[in-house]
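Participant: Sequence:
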Amino acid sequence: MQLKMAKVGVASSFGYNDLIEDADAWLLAKAVRDGRTIAQAVRDLYNGGGGLTRFSRYWSGRFSGNAEDAKFLAHNILTAADDAKVIAAQVGLVTVRGGIKTLPAMLGYDGLEPFEQGFVDVMLARTGTERRLRATYEANHEKYLKAARSRAARE
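Numbering (my numbering), first residue to last: 1 to 155.
By construction, these hints were calculated from the structure, which means they are not laboratory data. A couple of the hints might just be wrong.
Derived SDA-like pairs (lysine to any residue); straight-line CA-CA distance at most 25 Å [what the hints assert, rightly or not]:
hint, residue 1, residue 2
1, Lys-7, Ser-56
2, Lys-146, Thr-53
3, Lys-71, Leu-124
Use the sequences and the hints to build the structure in full.
Facilitator: Okay, structure coming up:
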């Protein structure tokens, strides 16, 4: 189920940008709940280097770093039938954007389990990539900050 899920440059009902948006939204909301202003939370995430470990922090915070918790939450979001906004998202993302004619809740366990496990596998792959490429990410972030400071000084 990882063929299209959260892959860079691949059209999918849950693309890479969707995963980043999901992780960042959760991280920003948590920072605000923990007392940061939204401006501080955004600055910390994007300019303060928080994006370098977004998936690791999302994985450990939202899912307790636990595959079973991640599968449980993925299952709940795929099968929720009591929240109009979630149902609208299911219809829009799955049936319209994904081109699938069946809502996830209609698939049953055997049909959903590969998607849920695929989500777990994607999250584990992303957290592993962050650890392996940490030095590269930090160097790229420093280049970004240096360029931003240089632009600011010229203005």
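Participant: Any hints from earlier that this structure breaks? Give me their numbers in increasing order, please.
Facilitator: none
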